[in-house]
Amino acid sequence: MAATFDQNDDSVVVIVGSGAGGGTMANELAQKGIKSVVLEAGKTLSLEDIENDEWAMFLKISWLDKRYSGGTWHGHINHPNLPAWIVKGLGGSTVHWAGVSLRYQPHEFKMKTTTGGVPGANVLDWPISYDELKPYYDKAELKMGTTGDVTGMPHLPWSSDFKVLAEGARRIGYSKLISGPMSINSVERDGRPACQQIGFCMQGCKIGAKWSTLYTELPRAVDTGNCEIRTNCMVLQIEHDKSGKVTGVVYADKDGKQQRQKARAVLVAGNSIESPRLLLNSASSKFPDGLANSSGQVGRNYMSHMTGGVYAVMPGKVFQNRGTQVAGIVRDESHHDDKRGFVGGYTLEKLTLGLGFLSAFMVPGPTGWGHKLTSALEKYDQTSGVWICGEDLPQEINNIELHKTEKDQYGLPVPIVNKTDHPNDTNMRNHAYAQMGKIYDSLGAIEVWNLPAYPASHNMGTNRMSEKAKDGVVNKWGQTHDIKNLFVSDGSQFTTSASCNPTLTIVALAIRQAEYVADQMKKGAI
Amino acid sequence: MLHDLTMIAARPSAFATPTRRQLLGTTAFVALTAGLLTTTMSRFAVAAATFDDAQKMMLLRVARDIYPHETLLDNAPYQAVVDAILTEADKDEKVAKMMSDGLTDLDKRADAVYKSKYVDVKNPLEREGLLRQIELTDWFQKVRGGLLFGLYNNKALYPKFGYDGSSWEHGGWINDPSFGKVEWL
Ligand SMILES: Cc1cc2nc3c(=O)[nH]c(=O)nc-3n(C[C@H](O)[C@H](O)[C@H](O)COP(=O)(O)OP(=O)(O)OC[C@H]3O[C@@H](n4cnc5c(N)ncnc54)[C@H](O)[C@@H]3O)c2cc1C
Ligand code: SF4
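For the record, the sequence lines run as chains A and G. Each residue of the first sequence is one higher than the last, beginning at 4 in this note's numbering. Each residue of the second sequence is one higher than the last, beginning at 641 in this note's numbering.
Misleading hints may appear alongside valid ones.
[Claimed, not checked] Partial pick of chain G residues on the chain A-facing surface, computed with a CB cut under 10 angstroms:
(1) Tyr707
(2) Leu776
(3) Lys795
(4) Gly805
(5) Trp813
(6) Asn815
(7) Trp824
[Unchecked claim] Simulated restraints on C-beta separations:
(8) Asp226/A - Lys731/G: 50 to 58 angstroms
(9) Asp714/G - Leu62/A: 23 to 31 angstroms
(10) Ala59/A - Lys821/G: 24 to 32 angstroms
(11) Asp714/G - Ala197/A: 40 to 48 angstroms
Since the hints were made in silico from the structure, they are not lab data. From the three backbone atoms N, C-alpha and C, an ideal C-beta is built for every residue, glycine too.
Here chain G stands alone, though its shape is the one from the complex (with noise of 0.2 angstroms):
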């Protein structure tokens, strides 16, 4: 059984010390930005002309990465998240600049422990590594915070983390046969 004592705090990585800019890509942050990000992006590929497509399924796989779900949720929410940084780099050059020296990083670290590209790192923990190294840095933040509101503040996935959502359309839990039983107790 673990009772993990030591997740209080970022512990920042021994690659990059937090600025305070980075920082921003927390909590208030998180919710003020991102919240607008996942409104406003379209449901389709888009066809940013910023990005290649060696670039773009590199995006889709960090973005499954941060937060990994390999069964329960097919590439669409993620895929989301991913068009809606495109677009926004599209329009903005430092965006763009941001995400793809992010991206170029990241492949120099892979090749540097595993002489390979990120993608093709097989095992899911070693990415994971990977990225835990670069957790700190803007790029990553971005795609994170968009992905936290993409899939968790979702309402259409709801269903399938278990999680109910809105009850007082209909009334609330009080009369539902589930309120109050324990069956495994």
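For reference, chain A alone in the conformation it holds in the complex (with noise of 0.2 angstroms):
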């Protein structure tokens, strides 16, 4: 039964956001008896609102609330309005997303010892080791159906086009081929079917074979009675008290009204851009820097992975759309090896655009046009190619900064994501473009094609978790080392970015997270 809690009632803890973070704590908080209020910026949706349609799910769930592009990369011209990937409705961008589940490698926790520091980067060891997470990866993988050991499932069937790559990838001497781990169903399990290779993930899966937390966690959450999740309501500020302590939350419900839940913890999780500015929006005599703000760390350290693409024209059919959007990875380079010119690793994800998007991403941007681009376009069906993620180090310039004067549709800054690469980005980069190029080569390829970064889909770190308050934003529970009863619940928790994808670290913090904070609510602490 669908709980509704009182506005006044402050013994409910308040969560910001509905997608990885946000509707994973509701579940896990709700199976343990602890009431909760979701509080979501976006509409309410369902598998009924999911077209194979790239541009039209975009117009329909993406975050167009305007945002600026800062920084030197290439968005602040070719995505001006488009920093980021988000998706403003119920679920968050985990109906958008792929579905690739990585687990961080052990190193990658601990960037600063491995690599000793990085001239003009923020490097910095997580607080917590690769051992103390291996439990809750194991219960994320089980939650989301991740393919693999831990759930038995088998990975996908390769598609044709990871055959090519992976082909490729053979020639040159790789080996780590594999179509997973993926948390798309195999086969049928947990209630949900098996991936029919419809091919349009990344608009939603219209049959729900892929993992989303609007048709698992949340609907589980509301079942529990323990959980009212409220759409269309923006969470404006957090109130304090004299003492520092959360009181609650200020939102605008969707007649844009303002209205007031109090709360026992608020738990923030509107993705790496929201998160930091909701507690910058926050400011107060008392914290006039923003909430939780001591170190200054709050917006800072963005990252969004080291990103690009590579497209290639085969001699021959590939069909790239016909089967899972990423239907399988080659993770030879994600290892660290500095004699490469680089620090951390990549991992190569084969990636399928539709017509739509290719012909918008091929060239971004106001001179993607003319005749080599279209003579490309012409050969869609025989085009095959991968995006690239890799290990972005974060730096205090890229950042979450409000506008000064400009003001959104709810009356806040707006704001502003810089961005710019860190010259072992560029390298990464190249190194990856350089090779894709011996790969595609290696096939007979007759066009190679570089992409830049699109639009980030992967944001992380601008509230980041350090042992020392003054390095970051919350401790290793994801608490706030200024105010215990606010937490962060989301990847802008992240110490660094790793060659990983994120929503399975996501998640495997949230179960982790649940736990400490029923323990730490038992014991009376919050």
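Join the two chains, each given in its own frame, into one complex according to the hints.
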């Protein structure tokens, strides 16, 4: 039975956002009998809303509130108002996500130790180790239905497109070629069907074979009677009392009217642009620099992975759209070896783009037109491509800044998302371009196209975890160093970005955080 | 084999410094406005009063030169985008002026280099070169944005490119004989 809670009920936990972090927290707490109110800025969505149409889905569910791209990455020219691709809707970006579920490698929690530090970057070790997180990775894989040993679910069948990539990779001596781990059912499991290779995973999986909080965590949380979800509710500010403890949130409801929900604790999971923005917008006379910001690190160290794409026209048919969008990955470059000219590593992920996106992103922005582009597009069914996902270093200059004068529809300062590559990113990207060039050459490719980064789909680091309060925003439980009953529950906690897509780690951290929150509540500590 | 590492960012042309307004002709904005544009456009040539036949022809030529598919596509999908812009120009003086000034300027540039009108420049690569000079202008981006949707987000044209589009209605590709097959490796 769906619960409804009184706005003055200060025994509830308020969760901001219903995506990977927020949706998981809601269900984990609900299963433990802890009452929560989830406030989600976006609208209610269901499988009915999902179409196999790239731009239609983009327009239907993306976060399109005013934002600026800053810094020197090409997007500040080519995607001036779309720094990131994030969902504003129930389920958050787990509606759009592709399902790749990689665990961080042990050394990726210790990048300061591993590298000895990198000039110009703000590299730090996580305050937790792989061994501490391992049991929670197991739990996350069981929850999400990740193919592989823990669930016992076989990886997905190889599509023709992945066979092409894998053969090229094999020819240049690579061997770590695998069609998982993916949080997509390869067999019927947990009340959800097996993948039918529809090929529009990133537009939302029409049959629910792919994990999304939209149809797993959220309805399960509501079913317990311990969780109320309010959609179209944008949290504007977190409030606190004289002692500095948070007391609740102010939000705009669907009619734009301001409402107040009291809370025993507040968990922030609005993704890595909105979460720090909310803390900064909650500045008060007691906390003039924003909540939980004694370190000055709120909004800083923004990471979106070192990314780019490589697409090639093959001598024969590939049918890239006939199968899972990320049908397989190549992991031969994901280790750390600074002899390659950079620290950290990268993963190569086969990625289907439909005609709509390929035409827009092959050469993004106003210069993307002309005969060279169109002759490649005419060979769409011969085109194969990858997305590069590499470790991106934290830098203080990469941050979420509030616009000095411009306000959004809620009256909040518009965010500017500043992103400038570190030389390490550039070296790594060029290495990946060169390796992909070799792979495609080995297959007799007719043309190879290097694509710059897309608007960021992975957003991390802006409320980072640190051992010491002066280095970051939250402790190893995601609890803010400054305020005991204020938590960060999404990817903004990440200390470093690794060569792995973030969601599995977000979910593992959330499961672990839920245990801690329950324990602290029981002890009366919060 | 070409590995073009230079296709990273827009290179501002020597002729136009991009203003923020011009740059709104990019992804997010194009997605929002052009999406609307293509849904409301007429399928037939309109009697746009503001433009003479030569200008209309020239606009169609420009459209075909932006995304050339000389043998793959006939005029119809280009014409549809051009018509939508002409219709808008009929209702909005600012759009009309922007478009006609743009065409005039383009003809001037063609004349400066080739002593010819734009449409009479025979070599398509030379026409592309002329368009590169003005690619960051508002009017050019308006045409480009409309085309990006009118050509590549147009379900009727998907098959021409070998793109299948929506597949959930017929159960995805899992049971299709082509799934997982590569004939040429
Ligand atoms: C196309 C695409 C493909 C991806 N593929 C993968 C993949 O294969 N593997 C992987 O690991 N990751 C992938 N990701 C990334 C993944 O989706 C995100 O890492 C993950 O969803 C982030 O979780 P989150 O909880 O931080 O935020 P989200 O899931 O984005 O959820 C945040 C929610 O908070 C809401 N919100 C924000 N601010 C407020 C506010 N003030 N008040 C109320 N609500 C608010 C938003 O509307 C949103 O619903 C992909 C992302 C995209 C876009
Ligand atoms: S390929 Fe599989 S996971 Fe992706 S949309 Fe289709 S059924 Fe869903």
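Hint numbers the structure violates, sorted upward? none
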